[in-house]
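A.B. asks: Chain B is already provided as a structure; the job is to place chain G on it using the hints.
Chains B and G, in that order, are what the protein sequence lines are.
Heads up: the first sequence at position 526 corresponds to 525 in numbering that gives the first Met the number 0, and the numbers run straight through without jumps.
Heads up: the second sequence at position 293 corresponds to 292 in numbering that gives the first Met the number 0, and the numbers run straight through without jumps.
Keep in mind that the hints are not guaranteed to be accurate.
FRET-style restraints, in silico, Cβ to Cβ [said to hold, decoys possible]:
| id | chain 1 | residue 1 | chain 2 | residue 2 | range |
| --- | --- | --- | --- | --- | --- |
| 1 | G | E255 | B | A522 | 48 to 56 Å |
| 2 | B | G34 | G | K314 | 13 to 21 Å |
| 3 | B | R232 | G | D198 | 25 to 33 Å |
| 4 | B | E578 | G | G464 | 34 to 42 Å |
| 5 | B | H617 | G | E523 | 40 to 48 Å |
| 6 | B | E578 | G | G312 | 37 to 45 Å |
| 7 | G | P63 | B | H617 | 38 to 46 Å |
| 8 | B | A294 | G | G174 | 51 to 59 Å |
| 9 | B | E578 | G | E523 | 46 to 54 Å |
| 10 | B | A522 | G | P267 | 36 to 44 Å |
| 11 | B | A522 | G | S93 | 41 to 49 Å |
| 12 | B | T621 | G | P537 | 50 to 58 Å |
| 13 | G | D198 | B | V229 | 54 to 62 Å |
None of these hints come from the bench; they were simulated from the model.
For each residue, glycine too, the CB sits at the ideal point set by N, CA and C.
Protein chains: 2
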Amino acid sequence: MAATGQVAAAADLETLHEVAQQIRVDGIRASTRAGSGHPTSSMSAADLMAVLAGRHLRYDFQHPELPTNDHLIFSKGHASPLLYALYKACGAISEEELMTYRTYGSRLQGHPTPVLPWVDVATGSLGQGLPIAVGVALAGRYLDRLPYRVWVLCGDSEMAEGSCWEALDKASHYGLDNLCVIVDVNRLGQRGETEFGWDMEVYRRRVEAFGCRALVIDGHNLEEVDGAYVDARETLGRPAVILARTIKGKGFSEIEDKNGWHGTALKPDMAERAIAELGGIRDLHIEVRPPAPGAPAIQPDHAPVSLPTYNPGDKVATRRAFGDALAALGARPDVVALDGEVSNSTYSDAFDKAHPERFFQMWIAEQALVAAAVGLQVRGYVPFAATFAAFFSRAYDFIRMAAISQADLRLCGSHAGSEIGADGPSQMALEDLAAMRAIQGSTVLYPSDAVSTAKLVAQMADRSGISYMRTTRGAYPVLYDNGTEFAIGGAKVLRRGDGDRAAIVAAGVTLHNALEAADRLAAEGINCRVIDCYSIKPISVDVLAEAARDCGNTLVVVEDHYPEGGLGAAVMEALAGQEHPPRILHLAVRDLPGSGKTSDLLAAAGIDADAIVNAARHAATTSGGH
Amino acid sequence: MAATGQVAAAADLETLHEVAQQIRVDGIRASTRAGSGHPTSSMSAADLMAVLAGRHLRYDFQHPELPTNDHLIFSKGHASPLLYALYKACGAISEEELMTYRTYGSRLQGHPTPVLPWVDVATGSLGQGLPIAVGVALAGRYLDRLPYRVWVLCGDSEMAEGSCWEALDKASHYGLDNLCVIVDVNRLGQRGETEFGWDMEVYRRRVEAFGCRALVIDGHNLEEVDGAYVDARETLGRPAVILARTIKGKGFSEIEDKNGWHGTALKPDMAERAIAELGGIRDLHIEVRPPAPGAPAIQPDHAPVSLPTYNPGDKVATRRAFGDALAALGARPDVVALDGEVSNSTYSDAFDKAHPERFFQMWIAEQALVAAAVGLQVRGYVPFAATFAAFFSRAYDFIRMAAISQADLRLCGSHAGSEIGADGPSQMALEDLAAMRAIQGSTVLYPSDAVSTAKLVAQMADRSGISYMRTTRGAYPVLYDNGTEFAIGGAKVLRRGDGDRAAIVAAGVTLHNALEAADRLAAEGINCRVIDCYSIKPISVDVLAEAARDCGNTLVVVEDHYPEGGLGAAVMEALAGQEHPPRILHLAVRDLPGSGKTSDLLAAAGIDADAIVNAARHAATTSGGH
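So that you can see chain B by itself, here it is in the shape it has in the complex:
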């Protein structure tokens, strides 16, 4: 049966079966046209999505910015043919646009991204959509206090990701009955049967053990599907997880439930047979119910923020200044903070004390921590997530994907580098600058004192993209007056003179060592310029280039980080395109540190004042322009 027409709100299931068939056909057509894509993984969940859109979703596709809209997140992002075909059925995109799938310049990418206004976040790295959805649901329940629902479509294979269980744990912990997870248990993964095939009871036991309501259904029986959504909407105090037994490739007998068809577009002749078996091309439209009117409980305003001030010379850890500044920023009602059970170390507990209603404890689950922050910013909040810098490496894939989501995210990693001393290398971030710099569009900050930290934290709140601040465990002298401004992309020259014979570029703890070294060299009659490179990305090309020009085209760069990809590389990348790039004498942590006092470890790594004195003296005595 081929048909054209509008489907009424709360459409009958018979009609929605036709819509599901259309979605299957359209997914096949789009992927066959593209020559790639995942039609079979789309076909298994077509009935689930047709019933959702036709009878339960509340969404205004003309106004995706409405705060009251539901959220639909495809954690199984590879089912993009399904998502786009659904968008077409909902009137959001045209037949013509659907046929641009996966072509250069199209909004319909291989996996969904927020280039499309109805897509909250990029997916395609499995096990991420669900934990991000937890963040959106947290916003709905605790901040917006709006009745919108968050619907997440997961694949069965991705339930092997620990991040999914972190997510279900947090969802039940926070009583997120506004979250409904739909697991498309189609039994077949990329390379054969999944770990559990159709053993629905394994999924049920796990989901229930993690505090959620499990609803096991036949994902192709539209009455059961509809009933499960009703049950999910009526579930109180905990999330609902619909475990839908489905058939991969459902609707085309040649490939139904057959291995070897994952991620494979049908050839045109096969697609033709599939479309015929599915009842041909249709042009049905679903009238999705719009959301009820409403407004978020929290309205962003730019309330005056009174940043903390410090006395020059006092010893204050930058991690403490981060906490102080974060708590002060809480005067803005849109600022929220998230912790990975280390808030008394990162000092984000200062925010918790001041604004407990906007502080989310994510326990020791850094993936959930970052994902929830991504979800919160979907709803316009300004999340700061903090843990030890080393432990953001646990969430690196989430940060990578957040950049693809064009998310505005603020991360603060404390206890960076060998400076931490006695706790040993497992707690030392020594690769974080490299990793965070390589995130597309990121900002990387590494202040040395409390004043600059506070000023930069405030700017992170308004920064787009992923911004990352590295803070230090120990307390070091406040270097700046409270009136000093610190532009992102800038650098401060802390020691300079006409006769500077060497230039030292440092940040964080090494800046204090550099200042000591410069003072000692000055006493010898060797004046050195000292640059506080607090903004590592973007970096101040001007200040660095000037220093190289003035100081014998040599820079001493010193960092508490492994030699690859950190501050040294940032300086080199900034200047390498110049006609005569400067020579760089690069002091960094080259061997695996152990435990010890901070002074022992900085000396062992060759990044203490002694090492800087030697390097700067070498620079001063061997450089002479080019």
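C.D. replies: Here is chain G on its own, set in the frame of chain B:
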């Protein structure tokens, strides 16, 4: 009661209570002396460890290399005072060494590392010891076929890490009844009560749902503890998880079960009171039962490996050559392979076909994938773990920690860069070179053709540290004769002449673009040197420096990676210390890619042959030495 003396094997529980008190006292003494550490998190599990060592562990501390030894992994690595005090009680370390805890140069670091011969792997990033233990247990059950047991001590807070649930899932999937996990449920985390406090039933339900046997006990009742170990040893077909309700700070009434004492060494006066309450200083020794004799079923030999060969000019994807070479390497009985459910994409399925008994499917759980590989190498196996390059970012913390473990690990990431085309940015590794280069002691390889890939894969097998190979999705021409050798740390000059006016440094897909560009420029009369920089870390300083010298002190570097920290930075870091570092014209992926044909995306990023032609022409016409 203070006492000195040897405790007999299978010691009575009364004596083991004394040993536990000694361990508490010694943990307090060591951490108080150090001025930092986690005595309270050690005291909660002292009874558990005393009974384990005295009655169940089979280990020869004089011969830690014995293949038949049990393995004891402290997933809660912060309980290092407990571990080291236990080592002392077992006669492994002296009182004198115990008192060096956390001092510079001591083997007794803040968190355990394999600097100590009885420590298999570094821990301290929570949720890693358990998944690594799964790898050790896999080796015991499926490769060594020895009856040793793997005992893992976990904290309760770390059970929030999804990686722990990935691990329990894999452990039950593989029926690892040689694995016993002990969870020290002391209720208090770093900053307050844990998510579940003493709700033992939540833990029980989750553990059972994940296919393990749960044994809930009072962790201070030595009969119950002993009985649980007996039950664990008698459990067949699935792992046992002992859920022990314990008291943080147990044995010292001033701090027992009190918040605010996490990670805090006692001040000397307090320590004195604690030691007195715990019965004073003792010098008891546990006689740990040695393992039964035995030999691993697999003995490493260097069986001749017949690497695949290719016809120059044929188009072969490097990912396929990786699979071919890996399967060939399987002739060595110590080589094993692990997959994250993408073996038909990475082509590690070639190994699965040839050597299924040494192929481990870890499903879509990249943390478990890398962790199991770390565990397998603990037992001397040579693991290769493969997934999409982008998805190793999911396991970045595990790779970071593996370097601290001094693990020998081989990772192969396929589908690197924007080259993959239609699937879009979520599947493109564009930051992997930066991240992997920053891993301490790592090797980073990025071959361009099948012959070099195969040769390098073979060398990875004998390489120490973390080696990472990046492979490409598409098929490109074989460039080298099968007899060519590729040293790690080398580079190949593919085009050179006396009159080279520009030098192009490339790797992977961009090398093919560079060759095309050089040929087009040669036709214009501009000869360019082309360097295949297949070894990115270590990198060939000589070949690069020579090229700069010969070609106007300018290098064109082109990479399918974001601009930060990748091949460009590697080249800059290699040459930045020279008197006159070369100018670098750096072509890299600067904007977020979308979907499209490979040629569209390479052109958009400015890393295709056209862009290289322009850059090299610019280099040739603007450089002139210094």
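A.B. asks: Sort out which numbered hints this structure fails and list those numbers smallest first.
C.D. replies: Hints 9, 12 and 13 are the ones this structure does not satisfy, whereas the remaining hints hold.
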